[in-house]
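Student: In case you want the letters, here they are:
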Amino acid sequence: MATVRIPTPLRTLTGGEDQVQAAGDTVKDVIETLEKNHPGIRERLLDDKGVRRFVNIYVGDEDIRFLDGLATVLKASDEISIVPAIAGG
Amino acid sequence: MSTSSPERDALQHKSALVVGVGGLGCPAALALAEAGVGRIVLCDDDLVDSSNLHRQILFDQADVGLDKLLAAERALYRAGARPFSIELVPSRFLPENARKLARSVDVVLEGADNFATKFLCADACFLEQRPVVHGAAVRLHATVLCVAAQGAPCYRCLFEDLPRGAAAPNCAEAGVLGPVVGFAGALMADRALSVLLGDASVFGTLVSFDGKTDRARELRLAARARCALCSAERSIETITDDRYTAASCAA
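Quick mapping for you: the protein sequence lines, in order, are chains A and B. Residues 0 to 88 (numbering that gives the first Met the number 0) are what the first sequence spells out, left to right. Residues 0 to 250 (numbering that gives the first Met the number 0) are what the second sequence spells out, left to right.
Just so you know, these hints were derived from the structure itself, not from any lab. Heads up, the beta-carbon is just placed ideally off N, CA and C, and yes, glycines get one too. Honestly, I wouldn't trust all of these hints.
Stated by the list, open to error - Derived lysine-lysine pairs resembling BS3-like cross-links, with alpha carbons at most 30 Å apart:
#1 A/Lys74 - B/Lys211
#2 A/Lys35 - A/Lys48
#3 A/Lys27 - A/Lys48
#4 A/Lys74 - A/Lys35
#5 B/Lys211 - A/Lys27
#6 A/Lys27 - A/Lys74
#7 A/Lys48 - A/Lys74
#8 A/Lys35 - B/Lys99
To be verified - Only part of the chain B face toward chain A is listed, based on derived beta-carbon distances under 7 Å:
#9 Lys117
#10 Ala135
#11 Ala136
#12 Val137
#13 Arg138
#14 His140
#15 Pro162
#16 Leu176
#17 Gly177
#18 Leu218
Could you put the whole structure together from the sequences, leaning on the hints where they help?
Tutor: Written as structure tokens, this is what we have:
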């Protein structure tokens with residue numbers, strides 16, 4: 000089961016949790032699990048073309064764009080980070 | 000990074016532009032001044048508001064209603080350890096002044112509160128071949144991205160283009176926590192000082208800070224193969240107004 004680090008803008012969907020556990024063999028599977036447990040999160044991460052262009056998803060320190068994208072295969076110990084574009088200060 | 004005497008001497012001959020004298024720009028400018036950067040250019044057109052004071056550390060209650068640039072200039076001269084010059088640009092960072100401002104300095108620190116300015120700054124800095132440090136903070140989350148003059152990776156490698164529509168809530172809704180934005184502003188200055196002193200290792204790094212857990216993670220980015228700004232297939236060659244329509248705060 001992968002650990003998914005949830006950035007602040009998405010924590011309204013996870014009840015304030017900054018990290019959650021989600022099952023899945025691939026990043027796409029994990030996002031589907033997230034959607035079941037936290038409805039609405041998939042739409043914030045994906046559009047009909049794949050990962051939204053102002054969201055980046057990392058497995059460990061690797062951007063999934065440079066792995067196999069949403070098909071990236073996960074190990075149980077993997078940590079997934081979501082880095083959205085933010086503007087503020 | 001800490002600065003030794005020779006480094007401070009080197010910084011005396013360097014210059015930096017701070018885009019946005021807000022929660023990020025205030026601590027960043029203060030750190031640059033204290034480190035001995037010889038010329039600091041501040042760009043903003045706003046007035047000090049009482050709602051700014053919890054995070055915009057160059058201002059106090061007596062500054063409310065004053066021009067931010069004048070209040071910041073006074074605070075920086077009061078704090079600076081060495082003689083240095085401050086130039087004030089009482090304007091927003093706009094398509095008409097972006098390239099001229101970028102090429103006037105050795106490094107740019109971008110702490111804007113909107114995506115339009117972020118992308119404009121990224122584009123202007125690449126077109127003028129200037130390194131840029133992008134900072135952002137919303138609620139408990141902050142990011143700092145350091146980009147080389149030649150990009151690869153650049154801000155557009157990471158986020159491609161402006162988020163638009165309902166997916167981008169505004170800053171007033173999102174809110175900004177003082178210590179989180181202070182951390183990010185100080186880190187922006189730290190990265191800018193590294194750049195000014197010739198340390199290329201910071202280029203292409205994204206620091207993501209979580210103020211709830213107080214954890215900072217550094218990710219090393221890769222260039223996007225078809226980046227519109229910095230790849231061989233780039234399409235952005237000029238600054239045009241229509242590319243920078245307003246959008247704000249967080250995905």
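Student: If any of the earlier hints don't hold here, list their numbers in rising order.
Tutor: 8, 16 and 17
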